[in-house]
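Visitor: Spelled out from the first residue to the last, the chains are:
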Amino acid sequence: MAFDNALGAIAEDNDETRWAFGTGFHDPLAGIDTSVPDGIDRHALSAYCLMLGDDALIMSHRLQEWCTHAPELEEEVALANIALDLLGQARLLLSRAGTAEDAGRAEDDLAYFRNAPEFRNIVLAELPNGDFAHSTVRLLMFATWRLALLDRLTTSRDPVLAAIAAKSVKEVAYHRDHAALWTIRLGDGTDLSHARTQRALDALWPHTGELFTAHKIERDLAAMGVAVDPSDVREEFDTVLDEVLTKATLRRPAPAPPANSAGRDGKHSTPLSDLLAELQSVARAHPGATW
Amino acid sequence: MVNARTIAETVTDPELPMLTLAELGVLRDVSEASGRVEVTITPTYTGCPALDAMRDDLRTRLTEAGYADVQVRTVLDPPWTTDWISEPGRRKLSAAGISPPGSAPRRTSGPIPLTLGPTRRIDCPRCGSSDTVELSRFGATACKSLRRCDACHEPFEHFKEI
Chain D
1 MAFDNALGAI
11 AEDNDETRWA
21 FGTGFHDPLA
31 GIDTSVPDGI
41 DRHALSAYCL
51 MLGDDALIMS
61 HRLQEWCTHA
71 PELEEEVALA
81 NIALDLLGQA
91 RLLLSRAGTA
101 EDAGRAEDDL
111 AYFRNAPEFR
121 NIVLAELPNG
131 DFAHSTVRLL
141 MFATWRLALL
151 DRLTTSRDPV
161 LAAIAAKSVK
171 EVAYHRDHAA
181 LWTIRLGDGT
191 DLSHARTQRA
201 LDALWPHTGE
211 LFTAHKIERD
221 LAAMGVAVDP
231 SDVREEFDTV
241 LDEVLTKATL
251 RRPAPAPPAN
261 SAGRDGKHST
271 PLSDLLAELQ
281 SVARAHPGAT
291 W
Chain G
1 MVNARTIAET
11 VTDPELPMLT
21 LAELGVLRDV
31 SEASGRVEVT
41 ITPTYTGCPA
51 LDAMRDDLRT
61 RLTEAGYADV
71 QVRTVLDPPW
81 TTDWISEPGR
91 RKLSAAGISP
101 PGSAPRRTSG
111 PIPLTLGPTR
121 RIDCPRCGSS
131 DTVELSRFGA
141 TACKSLRRCD
151 ACHEPFEHFK
161 EI
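Here the protein sequences come in this chain order: D and G.
For what it's worth, UniProt numbering labels the leading residue of the first sequence as 1, then goes sequentially.
For what it's worth, UniProt numbering labels the leading residue of the second sequence as 1, then goes sequentially.
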């Protein structure tokens, strides 16, 4: 079904899915066995998938905000691609949260019709973009942490979560490398780019405390082999960050103290509400609309 | 009536129309039982926006061929890898100016290592020179990186190994 131009594609018959926007997408888990294995608390599994899904959804939205603002065209395309990968992961994870909960909520209900206190993403993901150095360092921290979590989740006792993780690992490995290359280019660049990147690192580092603080649900599910205790990935995170920061001639700030869970408990900063207003306004103005 | 598998194997990828879904390794299975066809596909990337179009194209083509009951299901496990792109598929990519993927990275034990530099030689699909550089690890679609040939000075896309 090849086409030479957009007009030709629109004119094609039986082709509505190519032009599906808004809500009403096909369930990304269609045809996959989504029963919850015996012995796993379905509500805990749902809550955990919501955490990982919200991390991806909110980080994706922040990256999308770079569209038409990136410093160069190639980078704009790269950030949009990374955002698309994370959106795909969010769709699968929110769908898994919905099927595990078994209360009739699908990905759109979870993405568009929850308010900020119901979101479970880490605060690092929702922070405003700042300058390009700030966004780059944040992506490096986020992707390094997420890759280490996902890699361990490939052996989760929930086969759906394990399959989503195995798929996502391949994507996030590229995200991490991309952010690492930019961090090195900026840190080991001009005096100005170095100063801005160091400033970003100093500003963001306190948020690493939250990355390695296990929420009760994470701890309980990790003990059953379903989830990963985030405190287990700190060493890998530190090793990768050390390698990149050394090459980037950046100084690693003092270790951040462990945080009391914030985002995982629904405690968010005001910028998340602003982000959600943009993300959700159309779906809320026209519930159930497809076009 | 033409065999359902034969029909499904002619459906092309919406974003790489020179390749069939079978050559891309996305078409995992086609089964026929008592008039019902079940087609199994797997996404290349989790966010691949072409998946809905693939599903639609498969259903349309099979319906046109006379199959009334067509189900298209998705599988995530095992995850798609560029190693599943067939030899004819690789030749077609080259002919279309897209450098085909090398072997997907093999997983060893321990943490996934950072990859900061080039790991293999990538030849220009236009002039064949190996004097090429990466411009961006992400091209027009998630599955391709953007490169430039320093011999013929043309940019080209490379299918990333995953």
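Hints are computed from structural coordinates only; laboratory data are not their basis.
Glycine included, every Cβ here is placed at the ideal spot set by N, Cα and C.
Check before you lean on any hint, since a few could be wrong.
Interface residues of chain G toward chain D, partial, derived using beta-carbon atoms under 7 Å [said to hold, decoys possible]: (1) V30; (2) A33; (3) Y45; (4) D52; (5) R73; (6) D77; (7) V133; (8) L135; (9) S136; (10) R137; (11) A142.
FRET-style restraints, in silico, Cβ to Cβ [what the hints assert, rightly or not]: (12) D:D202 / G:P155: 29 to 39 Å; (13) D:P287 / G:D131: 28 to 38 Å; (14) D:D102 / G:R91: 40 to 50 Å; (15) G:R91 / D:A256: 48 to 58 Å.
Visitor: Hint by hint, work out which the structure violates, then give me just those numbers in ascending order.
Guide: 1, 2, 7 and 13
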